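If you read the sequences in order, they're chains B, W and R.
Position 364 (the first sequence) corresponds to 364 in UniProt numbering; numbering is contiguous.
Position 42 (the second sequence) corresponds to 42 in UniProt numbering; numbering is contiguous.
Position 891 (the third sequence) corresponds to 891 in UniProt numbering; numbering is contiguous.
Treat the hints loosely; a few may be bogus.
What the hints assert, rightly or not - Computed cross-link-like contacts, BS3-like style, restricted to lysine-lysine with a CA-CA straight-line distance of at most 30 Å: (1) R:Lys-848 to B:Lys-169; (2) R:Lys-127 to R:Lys-138; (3) B:Lys-400 to R:Lys-848.
Bear in mind the hints are in silico, worked out from the structure with no lab data behind them.
Note that the structure is a prediction, hence the values are computed from the model and not measured.
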Amino acid sequence: MRYSGFRVIAEALTGHRGWKPMWRDPAPQPDYDYIIIGGGGHGLATAYYLAKEFGQARIAVLEKGWLGGGNVGRNTTIIRSNYLLDGNEPFYEFSLKLWEGLEQDFNYNAMVSQRGIINLIHTDAQRDAFTRRGNGMILHGAGAEMLDREQVRALYPWLNFDNARFPIKGALMQRRGGTVRHDAVAWGYARGADSRGVDLIQNCEVTGMRIENGRIRGVETTRGFIGAKKVGVAVAGSSGRVLAHAGMRLPIESHVLQAFVSEGLKPLIDGVMTFGAGHFYVSQSDKGGLVFGGDIDGYNSYAQRGNLPVIEDVAEGGMALMPAIGRVRLLRTWGGIMDMSMDGSPIIDRTPVDGLYFNGGWCYGGFKATPASGWSFAHLLARDEPHPTARAFRFDRFLKGRMIDEKGQGAQPNLH
Amino acid sequence: MIINHPILGPRDAQEFVYLGDAALIDRPDGMTDGIEAFHTYAYLRDNPAGDHRELWYHEQGDRSWLVVTRNTVTHEITKVELARDVARAMGRST
Amino acid sequence: MTQSNRISGGQIDRGQTLRFTFDGQGFTGHPGDTLASALLANGVRLMGRSFKYHRPRGPLTAGSEEPNALVELRSGARREPNTRATVAELFDGLEATSQNRWPSLRFDAMAVNDRLSSFFAAGFYYKTFMWPRSFWEKLYEPIIRRAAGLGSVSREEDPDLYDKGFLHCDLLVIGAGPAGLMAALTAGRAGARVILADEDFRMGGRLNAETFTIGQVAGADWAAGVVTELATMPNVRLMPRTTVIGAFDHGIHGAVERLGDHLAEPAAGKPRQILWRIYARRSVLAGGATERPIAFENNDRPGIMLAGAMRAYANRWAVTAGQRVAVFTNNDDGLRTAADLRAKGVDLVEVIDSRKGDMIVDSRGRLGLKSVTVQDSKGQRRDITVDALAVSGGWNPNVNLYSHHRARPVWDDTIVAFVPGADGPPGLTVAGAAAGVLSTHGALRTGRDAAIAALGLTGAAPDLPEAEDATPRITPLWHVPQGKGRAWIDQQNDVTVKDVKLAAQENFISVEHLKRYTTLGMATDQGKTGNVLGLAVMAELTGRSIPQTGTTIYRPPYTPVAMGTLAGRSRGAEFKPVRMTPSHHWAREQCAVFVEVGNWLRTQWVPKDGETEWRQSVDREVLATRRSVGICDVTTLGKIDIQGTDAGAFLDRVYANTFSTLKVGKCRYGLMLREDGLVYDDGTTARLAEHEYVMTTTTANAVGVFRHLEFCRQCLWPDMDVQLISTTEAWAQFSVAGPNARNLLEKIVDQDISDAAFPYMGAGNVTVCGGLRARLFRISFSGELAFEIAVPTRYGDALLREMLARGAEYDPVVYGTEALGVMRVEKGHVAGGELNGQSTALNMGLGKMVSQKKDSIGRVLSTREGLTDPEGYRLVGVRPVDPAARLTAGSHFLDIGAAAVAANDAGWLTSKVYSPHIGSDIALGYLKAGAGRIGQRMRAVNLLAGQDTEVEIVSPHFFDPEGERLRG
């Protein structure tokens, strides 16, 4: 069924009796052409684009829990394409362009809102680095502006301009950056995929892979064996566990990232802001909560929860930047498991097993990538060649010395 | 978290800096091993959901590198050793 | 206004009267009151508005789980949005203002949403606002954002202080109700170090709210007696007004102690709140239980509250919620409210017990309850006039902290609630109502047993006093069968039974989907009153049991925590510690300008009288240095002493180039790679003796390099005879550069430092000023004849002053980081902009430094094809063709005539300075295949500022490329 304002009014007047389920709950078929493991944002987007853009059918998404229960369901909702390196920037710009037309494309209001992102500058060296980045963004068609201190003050006069340990000297701004209602992205893709015949199978955990003569034949699941010609894995956070079924070791560690939301407040912060003298970023949701985050806890973890030091560290960054939030209350923290890759950039590639494909290593930047990741993965699955914007996201870049290391930290995942 | 330092006793994990999998002790030989071996060493990880032997450095303390055996699902720590002892046990010397 | 609803008894101090205002109107109350109890005493029921429909609301609860009675407390910079009136302690002069309403609480224009509620069903916004596309961001969303939110932020800096601390104990007891008190008493008498924390300002928990007796005394008096005994024990720390907010790993708990919130403002110099990190060997969670409502139409009106809360207001605060009261319950506990109110002389009109087939099906009264409709077992309906209704749907154990490690509670059919399972945080035991043991005797017993078990006590334990031990009797009723109206589940977020029904209809039947689609449990109370009810309704609608439908678990913090508390003192200028250089005081006397470099403050330049532009100062510093002599504090560079018979061999492993062949008394530039083959750091390392080297690192990597070297030493080559110590802060070090550098230092250094005795790249121990030990290195970052001289840090300030005084004839200048940067760019030395962690030795033009003859960190991986591309980036120098043209670091290289698109991007400018010698801006940059492009012209474009400058690509060595000056 098509959603629109008229439909909402009509249903309101008739007691909402006409709304249909967002998706079916089909039993798994014995076999499919494509199995996508992982019903998070990337997996659902992959299935959606496989069906819609690449004309493929007989597709299933296997989700061990509930649809959208991956990191698409627990992130800080930011979209942007302000990357530095050539291997990344075209991909994230492709993603941002897909965000810009997404809601009309899948007929679901995911509240894509381009209220702008600013990266604050506190030192001359940062300004040089952001100038390099901003120019790269413009060269890639992503757009960027450099704000001086007074322009930042005009946006947010209540930031710490007067008594800061690291004074604000300006900001790099991308007006097209913003936020999206994260759960709605998963639901919109799920609904769009379901309506195109994709079987979305929840509570179905993959427990093994059937590989014969170097080729994938299907997957063992908690709901039995399901055959497949091609299998795509999009389970960021659990990549190591799932690919272990194929005997692979990955250039990835799993780490916990905590995120935070405050009690609801009347409008305070319009856009997205990152602090440059500590790891802290913040936006305000349409419901009024400040949504913010900072560093990962820094140790390998699959626990989906973090510890107090990082909560304190993030609060310190927030208070250093915004001394007016001292009496704003933190409402909730949560932890998600991140695929921290060895250079901080993702992987969308074939594996050594024929017919088995991998999408992961998103570190804590995967949400903004959801549309392009799905599209590129679908491209790879359907055509067996990488999407032009995702060519750099190869497994062998580490062997070949072609890392995409935005932060310049080297092969230490917890520093990316 | 609390790490029970083999010399100093229980210390808050905030005194330490984390590096990663203790397999990083097992560095290939730079004169005999090639890019493949160093690629495996530097970039690939077991990344287990369960017991993980990992390197922590007591930066705000005695500067020991430790090998901590910690469960990555529960965060329970079951063993803490001096990394130097572990390295020697693995046959590393000079 | 008089306290018309104040009744007899209670734990308030009637001897004192406190004045306060709500929305500008004056009221009175007493010490012991909360804002909610005082307002209720004054007959004020309307305290807030709901989030979505702006429904008029009064308090639902009497505790920290309150979803409705949220106010802005205090004013000005201390304004505190979303404060729960039910836990805000009354103080004289308290100011509170209602929130999320316009223009007033009684008349709120946004309440139109309530009339239009059928258009605002759960998730309606996902289905509309999509056409035309631009309208979402231009029209719809701005309207939604303006309307959203609850209270508002002052936008002024929070004037209060916050602090942090650590506490350690054998047993942390969370909650000071009967279970917690008994646990603390048992452990305290056994001599254990105990911390007893309770969020309330009066310990006792439900004992303060009930009329139970324990032994022969009133429960509240028994609690007070136990608290008095505990207070005498030196091994027990009582922490009222302290909320344990989270159970973290290995027994570490976060707790917030409120020291100033019950005062008009915190005592002078004292913090408002303290964040405690409590390290507990064991803990007992005795956090009690939270009552839940029953959903019926219009069950959210001011005057309708939970039965236990109404009882608490009557018993503890001597307040009746109304003059004519009814009770609606599905369990025996609700009947207590009726009994207690009757005993207090309140007109208790009727008890509607759903177990007898009676139900309340509707209510009336826009701004406060006027009547309810009762339907009996035969379906007969009648209205009864009441102004207050107590509702009890049963009690949910407060399993929050139990589930902070993601443990899932289990369903208990006997109390019809989730109770803790076996897999909570290690070391944490749950007791009392939090464990699902709802009787007072059970609380005392499980509290005592929990302490015994946690501490392994074997001695005598306190006797259990007599107390009520009723078996909870409850017949579940979650919601009254639906009519046309709305029945609230999550009151703050306006989630109704209809919304859950719609979610089920649209297949959002997973508990996580339910929560996210309807916003159930996402309000400031985090679902404390609504979650289980919502889950139960979903179970009913989908024909599943509650445990089949799912469980709800909780995340920290237990109740919302002020950001200021979590940040403590790390804010403003104290956000990070300041590291000061030895010349800091001298520089401050000169009114120097400082710059943040990590946590260091370094001198950026030292202005002289008459200089109005920073460039004047920097140019002067550069020219004076190159003309005569300049001094720069370089103490911030990392310094590591490396000693042992294997020191040379060790350095050969950690540096790309060779150090074992370095002669004693010499130093050498060293290039350090990461294991991935990219450049990590650089610096000079000197050999002071056969087995003694001193390494310098960049300022930025001083800590990291030391850590890395320790890793190499302990983990990779554990038997190498090499010892390390960081001496960064042990030595004050100054660069003395310029043609007169030696002349000046000859007046300071006691030994011969002639070129013959101390040649270029010489290094050694010397003495200065007649015997003070020092280290001297003849190294140059500026291209001039230069030395670096180091003395013990405490002499750094004196050495600088002495050099300036003794060398006055050379008119020495002290230069800062800007002049340092100018001179290093003139010489083509790499620094921050080039040492970016993304570059190879080859990129920097230093490829030949990586020895292929030995095993060193990073050598093998530096040979990977992607890092050895001959067309890759190379360091080049850049000059504008027009000397008057300006360059900007971060500009990108484009060929002349090339379009400004990524395909034509040839690299970028890494560093830029103005060179007073060359008389123009000069820059370094990484240019693709740059080595072959020396002499060519290109453009440096800064599209952010519309700059497009024609430049010449030159050698990065702008100044004295042959190095004649530094060898002079």
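So, going through the hints one by one against the coordinates:
{"no.": "1", "hint": "R:Lys-848 to B:Lys-169", "in the structure": "violated (39 Å)"}
{"no.": "2", "hint": "R:Lys-127 to R:Lys-138", "in the structure": "holds (18 Å)"}
{"no.": "3", "hint": "B:Lys-400 to R:Lys-848", "in the structure": "holds (21 Å)"}
In summary, the structure is inconsistent with hint 1 from the numbered list given earlier, while agreeing with all the others.
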